[in-house]
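K.L.:
Take a look at the letters that make up each chain.
There are 2 protein chains.
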Amino acid sequence: MKKLKRSSRLVEMTQYLLAHPHTLISLTAFAERYQSAKSSISEDLAIIKEVFEEEGIGQLHTLAGAAGGVKFKPMMPKETSLDIIKQVCETLQQPDRVLPGGYLYMTDMLGQPELLADVGKMFATAFADRPIDLIMTVETKGISLAYATAACMNIPVVIVRRDNKVTEGSAVSINYVSGSTKRIQTMSLARRALKEQSRVLIIDDFMKVGGTVQGMIDLLHEFNATVAGVGVFVESGAIESEERLLQDYVSLAKLTAIDLKTKQAEVVPGNYFST
Amino acid sequence: MKKLKRSSRLVEMTQYLLAHPHTLISLTAFAERYQSAKSSISEDLAIIKEVFEEEGIGQLHTLAGAAGGVKFKPMMPKETSLDIIKQVCETLQQPDRVLPGGYLYMTDMLGQPELLADVGKMFATAFADRPIDLIMTVETKGISLAYATAACMNIPVVIVRRDNKVTEGSAVSINYVSGSTKRIQTMSLARRALKEQSRVLIIDDFMKVGGTVQGMIDLLHEFNATVAGVGVFVESGAIESEERLLQDYVSLAKLTAIDLKTKQAEVVPGNYFST
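Going line by line, the protein sequences match chains A and B. Read in order, the letters of the first sequence are residues 1 to 275 in my numbering. Read in order, the letters of the second sequence are residues 1 to 275 in my numbering.
It is possible that part of the hints are untrue.
Since the list can't tell identical chains apart, any single copy or any two copies may satisfy a pair.
[What the hints assert, rightly or not] DSS-like mimics (lysine-lysine), calculated; alpha carbons at most 25 angstroms apart, straight line:
| no. | residue 1 | residue 2 |
| --- | --- | --- |
| 1 | K3 | K38 |
| 2 | K5 | K263 |
| 3 | K78 | K3 |
| 4 | K73 | K182 |
| 5 | K2 | K38 |
| 6 | K73 | K38 |
| 7 | K86 | K263 |
| 8 | K38 | K71 |
| 9 | K49 | K78 |
| 10 | K78 | K263 |
| 11 | K73 | K2 |
| 12 | K71 | K5 |
| 13 | K261 | K195 |
| 14 | K195 | K2 |
| 15 | K263 | K195 |
| 16 | K2 | K78 |
| 17 | K263 | K3 |
| 18 | K3 | K49 |
| 19 | K78 | K261 |
| 20 | K49 | K5 |
No lab work stands behind these hints: they were computed from the structure.
Working from the sequences, and respecting the hints, build out all of it.
P.N.:
Quick look at the structure:
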């Protein structure tokens, strides 16, 4: 890269940090990249750090010393998150979203890139300080949320399949009981998709009793991997809490009631905002 | 937002533009956001434009006049793309990726956030000038690519299901013949997922004869929607070209041969690089 003026360097460094979240970049690497003194780089980083933190873009962690450097962690302030989730709740309460069987239509929202980026940032904030090697979800609707979170955290995603596809090689399958339908179902994961001892963040779009998430946790045990956290976009609160199979999870929104006659759902911010 | 110094404003504007690709932002909005004169904003944008274009981050289109503003289009130069795809080809040629049945294991690569962001940017570049309302893929392995592309283009994603899930409401289903296996399969899309007349970009991970993509095109016709383009990550070139069901598509890599005995695959850059 050719030597840049400070103003241009600030633009380039900003985009570089944003494109490499949760990655330690040494001051030396930056100094070489921009052919500048480390002292100038440090001054630039101080400016970027102030803007990122004041405007709620994320944290810039600087590590001093020979092995030092800088790491950008995308973070969203809780007030900003709550404003966005309140809008989500309003949208989810639109009457035409209540489907036969008492399901809530939210597939369209899980396809909106801006909302996904926001939600990914919320999960990245909620789990920013936990050591995580991998994000796991089960097909299909949680996949976009898993990738949005992964993009913020710079962590790969594995997708548990509801069948055993030949194109994945040998796989581990387990049976689990879907909490809502009480039916026995199968989920499977390619043997090579997950290393032993991995610390795994589970992300899903919807959780009622938690049977599907519990299935993923059981599957992790088969791989000698551990659960680093569970994040769900919407939880259903319309069940007794003792029915719930797991207690330690983060939800961004909560479906508290659904009236099939009036086609009215009630959705409120989730437990992420009550702690 | 409080009034910022120029250096801070450059950082903030850079992150704002990157977070809002393919979105027209008026100079007035920027001037108000930063409590600065439009002339200062224009100077800042000129600096950002120069860096973005010189460093291959994307294009900054400025529209003059009262309704004027600026639009950031993430773009990746072809040389950069080719370097990345050459590495992808090398990785895909690792012998342990050839699975029984002659399949190529690439699920792990489709879970890497950095590679996905790069590939998304390549598709966003390839289709930057076409009017597109929606990106479509079929579950499961193309989903991450579809979202990575959508994030660059600021376009929603719809996912075609291989079954008809009750949580989606009424759906349109079609039968199609998978070109490779010659089996009749079903795919379906929720009625409300796609508006009539939508211009749709189809993204998928792998294409051999093109049966699955052709199925998606047939499904689009059921919705009176049109195909704006087809992008596949890897195409299989190990078939006669007259067997291929469609000719107008962009591939980033091409599987030219697979030897089940030696477990050796040959993968080369796709047709995107030969035009």
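K.L.:
With 25 angstroms as the alpha-carbon cut-off, assign the pair K73 and K2 to within, between, both or neither.
P.N.:
between (27 angstroms within a copy, 23 angstroms between copies)
K.L.:
Up to 25 angstroms between alpha-carbons, please classify K78 paired with K3: within, between, both or neither.
P.N.:
Answer is between; shortest inter-copy Cα gap is 23 angstroms, intra-copy 39 angstroms.
K.L.:
I want to check one pair: K78 and K261. Are their C-alpha atoms no more than 25 angstroms apart within a copy, between two copies, both, or neither?
P.N.:
Classified as neither: same-chain Cα gap 35 angstroms, cross-chain 56 angstroms, threshold 25 angstroms.
K.L.:
Checking K5 and K263: alpha-carbon separation at most 25 angstroms within a copy, between copies, both or neither?
P.N.:
For K5 and K263, neither the intra-copy (59 angstroms) nor the inter-copy (51 angstroms) Cα distance is at most 25 angstroms.
K.L.:
If the cut is 25 angstroms between Cα atoms, do K86 and K263 qualify within a copy, between copies, both or neither?
P.N.:
For K86 and K263, only the intra-copy Cα distance (20 angstroms) is at most 25 angstroms; the inter-copy one is 53 angstroms.
K.L.:
Quick one: K49 to K5, C-alpha cut-off 25 angstroms, is that within a copy, between copies, both, or neither?
P.N.:
Both: 19 angstroms inside a chain and 14 angstroms across chains, each within 25 angstroms.
K.L.:
At most 25 angstroms between alpha carbons: which applies to K2 and K38, within, between, both or neither?
P.N.:
within (16 angstroms within a copy, 29 angstroms between copies)
K.L.:
Between the shortest in-copy and the shortest cross-copy C-alpha distance, which are at most 25 angstroms for K2 and K78: within, between, both, or neither?
P.N.:
Between copies, since 20 angstroms is at most 25 angstroms while 40 angstroms is not.
K.L.:
With 25 angstroms as the alpha-carbon cut-off, assign the pair K38 and K71 to within, between, both or neither.
P.N.:
within (16 angstroms within a copy, 33 angstroms between copies)
K.L.:
Given a CA cutoff of 25 angstroms, do K73 and K38 count as a within-copy pair, a between-copy pair, both, or neither?
P.N.:
within (22 angstroms within a copy, 32 angstroms between copies)
K.L.:
At most 25 angstroms between C-alpha atoms: does K73 with K182 qualify within a copy, between copies, both, or neither?
P.N.:
neither (40 angstroms within a copy, 48 angstroms between copies)
K.L.:
For the identical chains here, do K49 and K78 meet the 25 angstroms Cα criterion within one copy, between copies, both, or neither?
P.N.:
within (19 angstroms within a copy, 33 angstroms between copies)
When held up to the earlier numbered hints, the structure conflicts with 2, 4, 10, 13, 14, 17, 19 and fits the remainder.
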